[in-house]
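One-letter residues, chain by chain:
Protein chains: 4
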Amino acid sequence: MSFSLGRLFKITVFGESHGFGVGVVVDGCPAGLRLSESDVQVELERRRPKDSITSTSRREVDKVRILSGVFNGSTTGAPICMLIPNEDVRSDYYELIKNIPRPGHADYVARIKYGGYNDYRGGGIFSGRITAAIVAAGAVALKLLRHVGVKVLAHTVNIGGVEVEGLDTNDIDKLEKAVEESPVGCADPKKSEEMLRVITEVALRGDSVGGIAEVLIYNVPPGIGEPLFDTLEGDLAKAFFAVPGVKGVEFGVGFKAASMLGSQYNDQFVVVGGRVVTLTNNCGGVQGGISNGMPIVCRVVFRPPSSIKIPQRSVDLSRLEEVEVRLNGRFDPCILPRALPVLKSVAAIVLVDHLIISQVIPRVLR
Amino acid sequence: MSFSLGRLFKITVFGESHGFGVGVVVDGCPAGLRLSESDVQVELERRRPKDSITSTSRREVDKVRILSGVFNGSTTGAPICMLIPNEDVRSDYYELIKNIPRPGHADYVARIKYGGYNDYRGGGIFSGRITAAIVAAGAVALKLLRHVGVKVLAHTVNIGGVEVEGLDTNDIDKLEKAVEESPVGCADPKKSEEMLRVITEVALRGDSVGGIAEVLIYNVPPGIGEPLFDTLEGDLAKAFFAVPGVKGVEFGVGFKAASMLGSQYNDQFVVVGGRVVTLTNNCGGVQGGISNGMPIVCRVVFRPPSSIKIPQRSVDLSRLEEVEVRLNGRFDPCILPRALPVLKSVAAIVLVDHLIISQVIPRVLR
Amino acid sequence: MSFSLGRLFKITVFGESHGFGVGVVVDGCPAGLRLSESDVQVELERRRPKDSITSTSRREVDKVRILSGVFNGSTTGAPICMLIPNEDVRSDYYELIKNIPRPGHADYVARIKYGGYNDYRGGGIFSGRITAAIVAAGAVALKLLRHVGVKVLAHTVNIGGVEVEGLDTNDIDKLEKAVEESPVGCADPKKSEEMLRVITEVALRGDSVGGIAEVLIYNVPPGIGEPLFDTLEGDLAKAFFAVPGVKGVEFGVGFKAASMLGSQYNDQFVVVGGRVVTLTNNCGGVQGGISNGMPIVCRVVFRPPSSIKIPQRSVDLSRLEEVEVRLNGRFDPCILPRALPVLKSVAAIVLVDHLIISQVIPRVLR
Amino acid sequence: MSFSLGRLFKITVFGESHGFGVGVVVDGCPAGLRLSESDVQVELERRRPKDSITSTSRREVDKVRILSGVFNGSTTGAPICMLIPNEDVRSDYYELIKNIPRPGHADYVARIKYGGYNDYRGGGIFSGRITAAIVAAGAVALKLLRHVGVKVLAHTVNIGGVEVEGLDTNDIDKLEKAVEESPVGCADPKKSEEMLRVITEVALRGDSVGGIAEVLIYNVPPGIGEPLFDTLEGDLAKAFFAVPGVKGVEFGVGFKAASMLGSQYNDQFVVVGGRVVTLTNNCGGVQGGISNGMPIVCRVVFRPPSSIKIPQRSVDLSRLEEVEVRLNGRFDPCILPRALPVLKSVAAIVLVDHLIISQVIPRVLR
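As given, the protein sequences belong to chains A, B, C and D, one line each in that order. Per numbering that gives the first Met the number 0, the very first residue in the first sequence carries number 0; after that it's consecutive. Per numbering that gives the first Met the number 0, the very first residue in the second sequence carries number 0; after that it's consecutive. Per numbering that gives the first Met the number 0, the very first residue in the third sequence carries number 0; after that it's consecutive. Per numbering that gives the first Met the number 0, the very first residue in the fourth sequence carries number 0; after that it's consecutive.
It cannot be assumed that every hint is accurate.
Taking CB as the label site, the calculated pair distances span [said to hold, decoys possible]:
{"no.": "1", "chain 1": "B", "residue 1": "Leu-166", "chain 2": "A", "residue 2": "Leu-166", "range": "31 to 41 Å"}
{"no.": "2", "chain 1": "A", "residue 1": "Arg-318", "chain 2": "B", "residue 2": "Leu-166", "range": "42 to 52 Å"}
{"no.": "3", "chain 1": "D", "residue 1": "Lys-176", "chain 2": "A", "residue 2": "Tyr-92", "range": "42 to 52 Å"}
Quick list of in silico lysine-lysine cross-link-like pairs, PhoX-like style, CA-CA up to 25 Å [stated by the list, open to error]:
{"no.": "4", "chain 1": "D", "residue 1": "Lys-255", "chain 2": "D", "residue 2": "Lys-97"}
{"no.": "5", "chain 1": "A", "residue 1": "Lys-176", "chain 2": "A", "residue 2": "Lys-189"}
{"no.": "6", "chain 1": "B", "residue 1": "Lys-150", "chain 2": "B", "residue 2": "Lys-176"}
{"no.": "7", "chain 1": "C", "residue 1": "Lys-97", "chain 2": "C", "residue 2": "Lys-255"}
{"no.": "8", "chain 1": "D", "residue 1": "Lys-176", "chain 2": "D", "residue 2": "Lys-150"}
{"no.": "9", "chain 1": "B", "residue 1": "Lys-189", "chain 2": "B", "residue 2": "Lys-173"}
{"no.": "10", "chain 1": "D", "residue 1": "Lys-62", "chain 2": "A", "residue 2": "Lys-62"}
{"no.": "11", "chain 1": "D", "residue 1": "Lys-189", "chain 2": "C", "residue 2": "Lys-255"}
{"no.": "12", "chain 1": "A", "residue 1": "Lys-189", "chain 2": "A", "residue 2": "Lys-173"}
{"no.": "13", "chain 1": "A", "residue 1": "Lys-189", "chain 2": "B", "residue 2": "Lys-308"}
{"no.": "14", "chain 1": "B", "residue 1": "Lys-189", "chain 2": "A", "residue 2": "Lys-255"}
{"no.": "15", "chain 1": "A", "residue 1": "Lys-255", "chain 2": "B", "residue 2": "Lys-62"}
{"no.": "16", "chain 1": "B", "residue 1": "Lys-255", "chain 2": "A", "residue 2": "Lys-308"}
{"no.": "17", "chain 1": "D", "residue 1": "Lys-255", "chain 2": "C", "residue 2": "Lys-189"}
{"no.": "18", "chain 1": "B", "residue 1": "Lys-150", "chain 2": "B", "residue 2": "Lys-173"}
{"no.": "19", "chain 1": "A", "residue 1": "Lys-150", "chain 2": "A", "residue 2": "Lys-173"}
{"no.": "20", "chain 1": "D", "residue 1": "Lys-308", "chain 2": "C", "residue 2": "Lys-255"}
{"no.": "21", "chain 1": "C", "residue 1": "Lys-255", "chain 2": "D", "residue 2": "Lys-255"}
{"no.": "22", "chain 1": "A", "residue 1": "Lys-255", "chain 2": "B", "residue 2": "Lys-308"}
{"no.": "23", "chain 1": "C", "residue 1": "Lys-97", "chain 2": "C", "residue 2": "Lys-62"}
{"no.": "24", "chain 1": "D", "residue 1": "Lys-189", "chain 2": "C", "residue 2": "Lys-308"}
{"no.": "25", "chain 1": "D", "residue 1": "Lys-173", "chain 2": "D", "residue 2": "Lys-189"}
{"no.": "26", "chain 1": "B", "residue 1": "Lys-62", "chain 2": "C", "residue 2": "Lys-62"}
Not everything, but these chain B residues come out facing chain A in the computed CB check (under 7 Å) [said to hold, decoys possible]:
{"no.": "27", "residue": "Tyr-92"}
{"no.": "28", "residue": "Ile-124"}
{"no.": "29", "residue": "Arg-312"}
FYI, nobody ran anything at the bench for these hints, they're computed from the structure. Even glycine gets a Cβ: it sits at the ideal position worked out from N, Cα and C.
So that you can see chain A by itself, here it is in the shape it has in the complex:
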């Protein structure tokens, strides 16, 4: 069940970095949703490197093909299979290092787990390439969310310690525009420049750098999510951890809550325009695992990408001998800019699943 996510809206991902390509089956999409390959293509484009500085990795074309589940321009209720073929890539290099796990990568654990039968070329199923399939599924989820007015946005708030602070996140359209315009997906133009500088410097040294993204979800009605185990927070967090490089997730003020008092933290209720809202949103829109009607706010930390050109220590597992490994290739020095659409996608997939379970998304759309 490892490659599936969701209960009533369920995606199943397949494919490898150096094989035929990647793909996804979306089972449980309600019938009657207008859907075309270009709807999906648009989201895939967001995952492509915007800039030769922030990403020097291979220029994947990522042309999606919808194989099933759509008829006369609408979803039919049947599973939607989407394929994204790989471009031709050279795998020779991986033969050279197939016994030498790259530090930071999943090479070592994959070899142990699959007894050496795993496809080690480019990380196989552990490659970031698989996120193209997730984004394709996310495109379907995002279109469904538009039908119920829910909006998802992901932006960069920290790269290498350069942190965005005091950003106004109330004007969604303005925020979205600023994010789109930044090469690093950062809504603060000054910080965006600084981040770009950090990435450039790091890239020149053949190194990489980490960062933090924030995901904002607007207009989720109160009462979505389930208590105890299938909480919105738990399901979102689990989905975020599927994105390669994620090492932490927090909601609202997150880890800052450790130093706060209850009298500071508690979001007090008031009536505004006949609706119950909270004065603050320290909890990030989720209480007891369930949406309270305020924007859902979460942050996700990415470790620096594992592929760096600086020599590192590793072990030749065929001889159990320590060796030095020097990686060659075109690597992303920072994954944040390209990870934003992936975060948006997994958040949308989780939300749609919960909105179907809560009977907010109808079975047949009109």
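For chain A, the structure is supplied; the task is to place chains B, C and D on it using the hints.
Only chains B, C and D this time, still in chain A's reference frame:
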């Protein structure tokens, strides 16, 4: 499915704060495990307040009764149902405020979600009381883990900003002993005192305070966890978010990774005593969602407990009118000390499920 | 996951024949359903032996207690745990034969599967006693079905070859009344008498006899059930096979279809009173796994109860030696009369799950 | 979840009759299984019509392509995606009758369920074409079963009332050979001829005919299957009901048990060659839902195929008016011969899932 956790080792929790009690059904425990009520009782005792300062809440006796699944002192392979009756508690107070959601609590979302039919007394199913059932299930999981040599430990590393640093976590037994001896579950005696002071002060003002706990899991063989969606990190995070008050989860160096370079972060491989290990453990023992054989290290942040005696703004939902709410009762000013066994329990439950899926825990124990 | 049934409406069963008792947790019942212990008790009474001839088994009182999930007389949306304690029963006898599997029973497979750790007293979890828990959960499902006008009925159509034919099943109330009045649950009074005679004769010889029950489900709207794997037929069949003694399930004309032509079998469409209906109902109300609006008709065959007083061959597994086994006790010579409410219950549970997935049962009832 | 089957070995099916093609994702196949496209192709060939008399349907070439999960000739542990493109087919005919549900088919329920958005061409996802994807997944399962010595066989035992009796099913190889040689998959040569004659006559009249298949599973070790809900019988039955046309499933003597006495039915235990076996196999190798080591025997009834050339009554749903419908095309007069490999496949998939859960199939094959 909201009240169930796990796939092959699955727990289903039930009960309320002011009803008959709480309980759990553990389905999928292998046959042949020696199990008695006192095995479970021991873990439940750890959840009780140690100290009149750190917790002024009701002195729950938490006497567990095993109703099924154990025969002649061993598990049978059948579901294990365990009941923990509530002591008599007064619920009158909750009638007075049933239309006024307490800030920070799930009162508001519960009312929306369940159309007002939820049991609002003491938070009903959202009460921390439900964690007694989780701890009972955790006791079974912890016993199973002992059979495969896996050890789980939870300790306090931050309360109200008082942070433990540079703790040696290699000597497990010593660490465990120090944690047991501290009234706040903190292994650093000096910091433990400081934390106790913070809690005392906060309690005197009728306020509450947050904190951070660290969960350490030792001796997990490499190769446990599944790639992509059912990662160890994702499943642990989802389970931690089931613990009331948790608002963030991070693995290894966690959010600090944002400011790190790949050359600093990557855990390089070396051979020690014929085994492949990593020089550092910045990733917290999990790569690509799968254990690498190093200790699993994660941290969990708790917001300050929602119940405080300081007046707060809320809304009388029956009239949609703003009111002031002043809570009376015996509240925990800091949840960390009592949450540690709960974190340990959910971690153990997740681990056992993964170890069964990976066919490491045998079906019939000897 | 073996002891759970359902996805959004999910029951988890526990307990043994000779332990504390049996019970069930119902997770996913919408909030706002009026529910009392007497609602459940009524269904449990139907499971009790009506007659000293058709059943000589122990007179279980089956007093249910609702432990959670109900508040002020309504379901809260939280898990409903129900307990049915066992009466004191003597288990000495089972010690004598614990190494000698009773033919027909699950003693042998249980011993193999659980390495001898299973509770062998009275069949443990394999006992028909567990069906009391299923009936308790079924009572909740049946109450939910009443809210959407769906009606479930189970009746005996064959005992020991005495077969009901040409029964009019259109007048549901009349049919239900006739079933209630018959000691064997057969709506045809003449056949009912014959069946009773068969059972009496069989019981006198210390033998047992099989039979066939029919389950009828009225007023299911068209479009319920999912294509391919989660069909109504598949989910109902799987649930029926959970009832001890069931060895076959068929829908509509069932196995008779083997000898039919397409021109005879196909249910042709006509318009009656502005509604599309079929002229015949050979398919039993399900096409492509999905309800077509006609009554759902299925039949379930029960093997003769395994416990008989006639000597049988078995093996003493402790010595791997053939022995003769003679069972003593009070046994049901025919399970049909007592199995009817169990069939009704599992059918109701499956239906409710599908009606929630299809968004027909609302989350909050009014 | 409707298009997925299995828990640890899970298949997800997609595709339509007149779209791009059909396909399947197999998640949970252990790493290290030798697998090639020709392994799958062999099973797909068995699904093709053998004979111009038993099947006049389109001559699908069914060329499978493995897109993922196989590397250097072995499975990697990653999801295996397999595609089977459709040949060009004409869909014009279906435009003419898109408002007129064909009797027996799922056209009517599909239209209701999906609000008219379903792909109605050739039945869309309800088409028997989808079984090609199931057979592809079954090929993987069958190869896994060979590693643990389990053998699955399906043969025709009844067509249009011509019934096989007294067949010796002990010599598996001989039985398999006889089944392969018969154009209708019947191991009794004389009955095979009679069945062929029935089919020929029925086809000439433009009619269709039903039948019964038997599935035999040899060498399943005792103790496989789970008690109560996830029984071998229940899981096999549910999977069989996914095969278009199946309307009933029985185990062992099945519905004949209704007329049997316990003293006749009970399978008594004896010791043969140091092993515990049963004298008879009336229960069909499954007791209490769990394998007892004897061959698993089940029978599945197929209704006559729905497509016939004889005029039938239906309703034009766009005008709610009764009409006569006359179908044109090339139809299978009897589905049995082509359904046998599908039954074998779903049985194999269910068995593999249970054998992995029971930890009999190792995670990494050698």
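Comparing the hints with the structure gives:
1. B:Leu-166 to A:Leu-166: 31 to 41 Å: Given a distance of about 35 Å, which is inside 31 to 41 Å, the answer is holds.
2. A:Arg-318 to B:Leu-166: 42 to 52 Å: violated, 37 Å
3. D:Lys-176 to A:Tyr-92: 42 to 52 Å: Because 50 Å falls inside the window, the suggested range holds.
4. D:Lys-255 to D:Lys-97: violated, 42 Å
5. A:Lys-176 to A:Lys-189: holds, 15 Å
6. B:Lys-150 to B:Lys-176: Holds, at roughly 14 Å.
7. C:Lys-97 to C:Lys-255: This hinted pair is violated, its Cα atoms lying about 42 Å apart.
8. D:Lys-176 to D:Lys-150: Answer holds: Lys-176 of chain D to Lys-150 of chain D is near 14 Å, not above 25 Å.
9. B:Lys-189 to B:Lys-173: Status holds; Cα separation ~16 Å.
10. D:Lys-62 to A:Lys-62: OK: Lys-62 of chain D and Lys-62 of chain A at ~24 Å, within 25 Å.
11. D:Lys-189 to C:Lys-255: Distance ~22 Å between Lys-189 of chain D and Lys-255 of chain C Cα, so the pair holds.
12. A:Lys-189 to A:Lys-173: holds, 16 Å
13. A:Lys-189 to B:Lys-308: At roughly 43 Å apart (the allowed maximum being 25 Å), Lys-308 of chain B and Lys-189 of chain A break the hint.
14. B:Lys-189 to A:Lys-255: Distance of about 22 Å is within 25 Å: holds.
15. A:Lys-255 to B:Lys-62: violated, 36 Å
16. B:Lys-255 to A:Lys-308: Roughly 22 Å between the alpha carbons, so the hint for Lys-255 of chain B and Lys-308 of chain A holds.
17. D:Lys-255 to C:Lys-189: Distance ~22 Å between Lys-255 of chain D and Lys-189 of chain C Cα, so the pair holds.
18. B:Lys-150 to B:Lys-173: Holds, because 13 Å separates the two Cα atoms, which is no more than 25 Å.
19. A:Lys-150 to A:Lys-173: Holds, at about 13 Å.
20. D:Lys-308 to C:Lys-255: holds, 22 Å
21. C:Lys-255 to D:Lys-255: With Cα atoms ~13 Å apart, Lys-255 of chain C and Lys-255 of chain D stay inside 25 Å; holds.
22. A:Lys-255 to B:Lys-308: Holds, at roughly 22 Å.
23. C:Lys-97 to C:Lys-62: Violated - the C-alpha atoms of Lys-62 of chain C and Lys-97 of chain C are around 29 Å apart, more than 25 Å.
24. D:Lys-189 to C:Lys-308: Since the Cα atoms of Lys-189 of chain D and Lys-308 of chain C sit roughly 43 Å apart, the hinted pair is violated (cutoff 25 Å).
25. D:Lys-173 to D:Lys-189: holds, 16 Å
26. B:Lys-62 to C:Lys-62: Roughly 24 Å between the alpha carbons, so the hint for Lys-62 of chain B and Lys-62 of chain C holds.
27. Tyr-92: Violated. Min distance 19 Å.
28. Ile-124: holds, 6 Å
29. Arg-312: Check passed: Cβ of Arg-312 of chain B comes within 4 Å of chain A, closer than 7 Å.
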